[in-house]
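Enquirer: Starting from the structure of chain A, add chains B, C and D where the hints point.
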Amino acid sequence: MSNEYTSSEMMTVTAAKALENGMTCFVGIGLPSEAANLARLTHAPDVVLIYESGTLQTKPDVLPLSIGDGELCESALTTVSVPEMFRYWLQGGKIDVGFLGTAQIDRYCNLNTTLIGDYQAPKVRLPGGGGAPEIATCAGEVFITLKHSKRTFVDQVDFITTLGFGRDGKARDGVPNIGRGPTRVITDLCVMKPDPETRELVVVSLHPGVTAEQVQDATGWEIRFAEQLDTTPMPSANELDVLRDLKARTERKHAGEA
Amino acid sequence: MSNEYTSSEMMTVTAAKALENGMTCFVGIGLPSEAANLARLTHAPDVVLIYESGTLQTKPDVLPLSIGDGELCESALTTVSVPEMFRYWLQGGKIDVGFLGTAQIDRYCNLNTTLIGDYQAPKVRLPGGGGAPEIATCAGEVFITLKHSKRTFVDQVDFITTLGFGRDGKARDGVPNIGRGPTRVITDLCVMKPDPETRELVVVSLHPGVTAEQVQDATGWEIRFAEQLDTTPMPSANELDVLRDLKARTERKHAGEA
Amino acid sequence: MAEFLSLHDAVARYVEDGATVAMEGFTHLIPFAAGHEVIRQRKHDLTLIRMTPDLVYDQLIGAGCAKKLIFSWGGNPGVGSLHRLRDAVEKGWPHKVEIFEHSHAAMACAFEAGAAGLPLAVLRGYVGSELPSVNDQIKYIECPFTGERLAAVPSVRPDVSLVHAQKADRKGNVLVEGIIGVQKEAILAAGKSIVTVEEIVDDLEAGPNACVIPGWAIDAIAVAEKGAYPSYAHGYYPRDNRFYKEWDTIARDRDPFQAWLDENIYNAGGQAQ
Amino acid sequence: MAEFLSLHDAVARYVEDGATVAMEGFTHLIPFAAGHEVIRQRKHDLTLIRMTPDLVYDQLIGAGCAKKLIFSWGGNPGVGSLHRLRDAVEKGWPHKVEIFEHSHAAMACAFEAGAAGLPLAVLRGYVGSELPSVNDQIKYIECPFTGERLAAVPSVRPDVSLVHAQKADRKGNVLVEGIIGVQKEAILAAGKSIVTVEEIVDDLEAGPNACVIPGWAIDAIAVAEKGAYPSYAHGYYPRDNRFYKEWDTIARDRDPFQAWLDENIYNAGGQAQ
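Order-wise, the sequence lines are chains A, B, C and D. Those letters in the first sequence? Residues 1 to 258, by this note's numbering. Those letters in the second sequence? Residues 1 to 258, by this note's numbering. Those letters in the third sequence? Residues 1 to 273, by this note's numbering. Those letters in the fourth sequence? Residues 1 to 273, by this note's numbering.
Chain A on its own, in the form it takes in the complex:
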């Protein structure tokens, strides 16, 4: 068993630990999917994974490349139509946590997956909102995971695709029937949570070996650190083994298909 791990592995394991056994989780593709399946294969065997393709309570053996790989349906309890998924299961309030990635995030946890630049004349056109805008408002709470860099952690997102707490941190105040919003952000450097009052992101734990300076250097605004700044627990050997197995199975599967 190895004690060494990459910062990506640290991020995935930490994101996985955020999920508690028995939670219902609406899973975004990519990093969130990797973390959610790792949780299911380690400490949270009864976590319920739901993908927007309509697959309810799915248990894929390998990570899906798309949100609707066959594996998701074959291992699901049942598969419903996409309108039903968004109407009954998400908007209907059956989701404890939405797990999202993003291209840009700002200090108030607003997410941009739409574009860089101006909407009418974009510098870079990104894929768009997909399920995220309503996952972020209808799920009980939201976890976000992405790699830390000045390109992704920006002072002001170019476009609010998906609401965190708005440009002023107050956009959820007084809105009826809205979820709590982002409650933690997990990167390859640290874990952040919104300040309970101002909703501004605060670093609450640094991953082992990471300095506050490194986090500040990778963040596009002057980021706050909690007074009691923890060190994120290291991945266990078992967590790393399970993650590596999962990724290896996934690689083999996706490379082998023709």
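Keep in mind the hints are simulated off the structure, nothing from the lab. These numbers were taken from a predicted model, which means no experiment stands behind them.
To give a feel for the contact side, a few chain A residues facing chain D, derived at Cβ under 10 Å:
1) Pro64
2) Leu65
3) Ile67
4) Gly68
5) Glu71
6) Ser81
7) Met85
8) Tyr119
9) Ala121
10) Gly130
11) Thr162
12) Arg172
Below 30 Å or equal to it, Euclidean Cα-Cα: the simulated DSS-like pairs (lysine-lysine) are:
13) Lys247/B x Lys245/C
14) Lys17/B x Lys171/D
15) Lys150/A x Lys245/D
16) Lys67/D x Lys123/A
17) Lys193/B x Lys150/B
18) Lys147/B x Lys245/C
19) Lys139/C x Lys170/B
20) Lys139/D x Lys96/D
21) Lys226/D x Lys247/A
22) Lys91/D x Lys150/A
23) Lys139/D x Lys139/C
Pairwise CB distance ranges (calculated):
24) Gly174/A x Gly80/D: 37 to 43 Å
25) Phe4/D x Arg249/A: 39 to 45 Å
26) Pro45/B x Tyr236/C: 29 to 35 Å
27) Lys147/A x Arg149/D: 35 to 41 Å
28) Asn264/C x Gly140/B: 44 to 50 Å
29) Glu98/D x Gly22/A: 41 to 47 Å
30) Gly174/A x Ala121/B: 43 to 49 Å
31) Pro233/A x Asn267/D: 54 to 60 Å
Glycine is no exception: its CB is placed at the ideal position from the N, C-alpha and C atoms.
Expert: Coordinates of chains B, C and D only, in the frame set by chain A:
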């Protein structure tokens, strides 16, 4: 083979003939169901029968007692949820003809299945609207079948549960996305159609042996007769045989269940 | 997460006096055993919601459990009247029941909207009908794109829903098969839900798009064999059409109805006859 | 009533230049063969609707078929960008494409509302998102019961929808199984519909509540073996994830994309590679 038939049989056979092969028909329980299934077993093998219980394209071997007998599901192409039935199939405009019975009907084909007397203090409480209010407005057209009597054919229905053409015959005028409404009414005495201008019911054919006086005596208003008053074709021996077989099978089935 | 309870305990825990209750099952899978348990526990002042009250609500209304009824077709299918419902509405026996009357389309959409977490359902409905004049729960919205006037009704959001299904697995996942009505919607729209099932199995053996409701979306599961009788359970037993016809005689007058209640509910164990 | 046609004839008859077209299939059962036929017949000025444009619309847009795009997530799933879509939006090549951008929830509800014959869909959506500031198709209604402000979007009502399914029977009834997406809604919402299938069978062998679309609700059925490739058909063949990755290279620049189009569409027979 017999040349004799009852007035009920005459009504059912005539109602059945109104359905053309290939039509999609949203079927009310009771007389409409009997007529629609007779059509399917005689001249219209590909008539598509749809019941509000969600059974699409059903081919029951015996007549259902309720709108959701097991027979309907077992012989259906597929069975959908009741919200889907009303939203996608009826409101979505997939139904050519709605086939309805009623407790009361007036000269403008308005139907009352709600109550006799006053709503707040009813003399007789009837079952209510069920699927009829929207069948009558969303289906392409509506056929109505019921027994002819002064109790059922009234000058003014006590309550408009289901729209024919309104108290003045003009209630469909200018309404967007509405079906043509009732196009024929079939009783044990005659066939009626709404006047193309005024929408008032006009007797267009008398069943063999029935006089205009008999129809007037069984109608609660001064009913109009077409200038060219036809005689309804008699049931064929085959139609009567098929109908009697169907009813006998149905009797045996329903009596035998415990 | 669904808890396996006895029907007695499930009803005792989740059905409160004064609650808004939906018992669904469109002709098929009507939750008679659950309804009888509600009568047996003498729950009262209930607001009862059901598209087709059927015999089960005739029994609840006759037994005095109901304060209000929200419905869209209140007959004995293929037979005639629900005499206990009529006696309550026409003569106030055993007490007056306030009714909120809809069309099937509106009720179906209201269940759908309830499951979808919306406060209202929108439909092209009630055109020319006089129902809106006697039910102030029917309102209108204007489409902001076309200007069309569309009917709106409040979504159905019961405090508790009771439905019957064919089977549950050991994790509490439930399969509903055949005429599925608004059962899924009733469960998802409700604050709490009780599902009675014919049996508990190891494997639901359901197709990929079957109507399966996950255990974590259900509060209590109770085994009730023949729990839908005299309605039916597709794959288990047929509808007892004969009993539906006999009910016309039983329920027509108050005394035989009372005798039936005593014999079949109050003095009967815990399982529907 | 569904007519059995060749894919060529179905597209020639029902897909008109300038039409509003939905090709659906959520990751699964994407109608690639049908899309390729539309390109081959050089249809143009189309308004293309699809929740996830995916490779199929990247190809149509790159080939110059599209005038407008209505969508909610325009990436190559798990891989990255749709380069042809980006080239059209960012640089106007081969010509400018106007985009109307939604969330998945809104698009799903808009398909549902289209199937339901309504002019609008109502949802609790877009709260705090800036999408409504760039898409004037997003409006609001007020709930007449609660006063809550809810988002409204126009329903999807395409002139023609194209979907792929596993199989049809000889009467033209179609079974869709697995991830069913918004296929049923796309068909029912459309003025005309074309369904490509893997095969025609005697018996669909479908469960009682399977997603079966009756032949009379479909206009044309065309057999297209591997018609969803490189996406997949549950029970027939898997998704070619490798091709999805390769597409990133093929589509990144205009010349290799043109070469791919020539080889695989214009100079290829009638069946998707």
